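The listed protein sequences correspond, in order, to chains A and B. With the first letter of the first sequence counted as 1, position 13 gets the number 13 in this note's numbering; the numbers rise by one all the way through. With the first letter of the second sequence counted as 1, position 32 gets the number 137 in this note's numbering; the numbers rise by one all the way through.
It cannot be assumed that every hint is accurate.
Stated by the list, open to error - SDA-like, lysine to any residue: derived pairs with alpha carbons at most 20 Å apart:
(1) LYS204/B <-> TYR281/B
(2) LYS168/B <-> GLY26/A
(3) LYS132/B <-> ILE192/B
(4) LYS132/B <-> ALA199/B
(5) LYS131/B <-> VAL71/A
(6) LYS132/B <-> LEU291/B
(7) LYS168/B <-> VAL30/A
(8) LYS168/B <-> ASN36/A
(9) LYS132/B <-> ASN36/A
(10) LYS132/B <-> VAL76/A
(11) LYS168/B <-> ALA42/A
(12) LYS168/B <-> SER229/B
(13) LYS168/B <-> GLY248/B
(14) LYS132/B <-> HIS62/A
(15) LYS132/B <-> VAL271/B
(16) LYS132/B <-> VAL30/A
(17) LYS131/B <-> PHE77/A
(18) LYS132/B <-> ARG67/A
(19) LYS168/B <-> TYR33/A
(20) LYS168/B <-> LYS131/B
(21) LYS132/B <-> ARG64/A
(22) LYS132/B <-> GLN198/B
(23) LYS132/B <-> GLY26/A
(24) LYS131/B <-> LEU70/A
(25) LYS204/B <-> GLY12/A
(26) LYS132/B <-> ASP285/B
(27) LYS131/B <-> HIS62/A
Treat the hints as calculated values from the structure; they're not laboratory data. No experiment lies behind these values; they were computed from the predicted model shown.
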Amino acid sequence: MSSGEQHRGGLGTDVVVYLCLLGIAGLQIVLAYSGNEGRGLAARLLVVAIIQAFIAVLFFMHLRAERRSLVVFIAVFTLFVLAAMQYGWTDSFRIINGVPFTRLH
Amino acid sequence: MSEANLTLGGHGAGLSEASPFSIPAKKLAMWLFIISDAATFGAVLVAYGFLRNATPNWPAPFKFSPSILNVMVMTFILISSSLTMLICVRAAQAGDRAKALRWILITAAGGAIFALLHIREWLSLIDEGVRLFQNPWGSGLFGAAFFSVTGLHLLHVSVGVVALTVVGLRYKGGRYNADDIEITGLYWHFVDIVWMFVVPLVYLLSIAR
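With the hints as constraints, model all of the structure from the sequences given.
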């Protein structure tokens, strides 16, 4: 979208998205008290948070109105960096736990 | 080649190129900052997750009242401040400087209230005995991890409040334009998005049952 141009959709769209985000935030609280614990709960909460962030980026940060090349650049760059980071974190996890090497002794 | 480019020995050729992705350079700079900041928060949150997962006696100190209720109010304020920021951006794009200033100050006020509530939450935990490397409930790493994640976010909110106020006043004074308001808005929405990950990972996975 060119600079200074009005964003697509009116204030009505913004309010609907705002209510959606509030609803999703409420859903997270419900999930947290649903009785589930551990990895299952963590995975559900993370998926809900990703959906919430995706909606906010598209509608609040107006990425959906930007050029496709910018959207692809941001998505690929961000996801690559976040994914590449996990390559190193797994080793940190091994150091914290002292596994698998300490279990050999 | 123009005379100016000839004078510059051809190096001026870039001056006539279109801006990357057809957006203003400062908006692209903000997107690049947001990407790098997303990596920073990603690293901090993943580190928190790994640490929590690897520590058997990780404390779960957050009771529904007051902690989770406080978090719910903070979330409501932050998401609402994103809406007020959108209203501000629309006003700025319509050229209504007074309305834009009003809404950006409302947004900044929301951020300030969020920061105060967050500091109150911190003080409450400190009162209960949480320190950087010790607490009454379990692993001493909890304090360092909790204060690092929430502190980094609180720092972003505080900087955002200052930035919103300064940009709003300068826009009203005619020194900044609607693009500057929109770019500041991008930063504010990003701070909001980060909070969407902090709440489940830090608070909701450590509720007292």
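For each hint, the structure was consulted:
1. LYS204/B <-> TYR281/B: At roughly 15 Å apart (the allowed maximum being 20 Å), TYR281/B and LYS204/B satisfy the hint.
2. LYS168/B <-> GLY26/A: Roughly 17 Å between the alpha carbons, so the hint for LYS168/B and GLY26/A holds.
3. LYS132/B <-> ILE192/B: Given pair LYS132/B, ILE192/B holds - Cα atoms ~19 Å apart, limit 20 Å.
4. LYS132/B <-> ALA199/B: holds, 19 Å
5. LYS131/B <-> VAL71/A: holds, 17 Å
6. LYS132/B <-> LEU291/B: Status holds; Cα separation ~9 Å.
7. LYS168/B <-> VAL30/A: holds, 14 Å
8. LYS168/B <-> ASN36/A: holds, 16 Å
9. LYS132/B <-> ASN36/A: Violated - the C-alpha atoms of ASN36/A and LYS132/B are around 42 Å apart, more than 20 Å.
10. LYS132/B <-> VAL76/A: This hinted pair holds, its Cα atoms lying about 18 Å apart.
11. LYS168/B <-> ALA42/A: Within the cut-off at roughly 18 Å; holds.
12. LYS168/B <-> SER229/B: Answer holds: LYS168/B to SER229/B is near 12 Å, not above 20 Å.
13. LYS168/B <-> GLY248/B: Holds, at about 17 Å.
14. LYS132/B <-> HIS62/A: holds, 12 Å
15. LYS132/B <-> VAL271/B: holds, 18 Å
16. LYS132/B <-> VAL30/A: violated, 37 Å
17. LYS131/B <-> PHE77/A: Holds, because 18 Å separates the two Cα atoms, which is no more than 20 Å.
18. LYS132/B <-> ARG67/A: Given that 20 Å is the threshold and the Cα spacing comes to 13 Å, the pair holds.
19. LYS168/B <-> TYR33/A: holds, 11 Å
20. LYS168/B <-> LYS131/B: violated, 43 Å
21. LYS132/B <-> ARG64/A: Between LYS132/B and ARG64/A the Cα gap is close to 15 Å, so the pair holds against 20 Å.
22. LYS132/B <-> GLN198/B: Measuring from Cα to Cα gives roughly 15 Å; hence the hint holds.
23. LYS132/B <-> GLY26/A: violated, 32 Å
24. LYS131/B <-> LEU70/A: Distance of about 14 Å is within 20 Å: holds.
25. LYS204/B <-> GLY12/A: Judged against 20 Å, a Cα distance of about 18 Å means the pair holds.
26. LYS132/B <-> ASP285/B: At roughly 8 Å apart (the allowed maximum being 20 Å), ASP285/B and LYS132/B satisfy the hint.
27. LYS131/B <-> HIS62/A: holds, 16 Å
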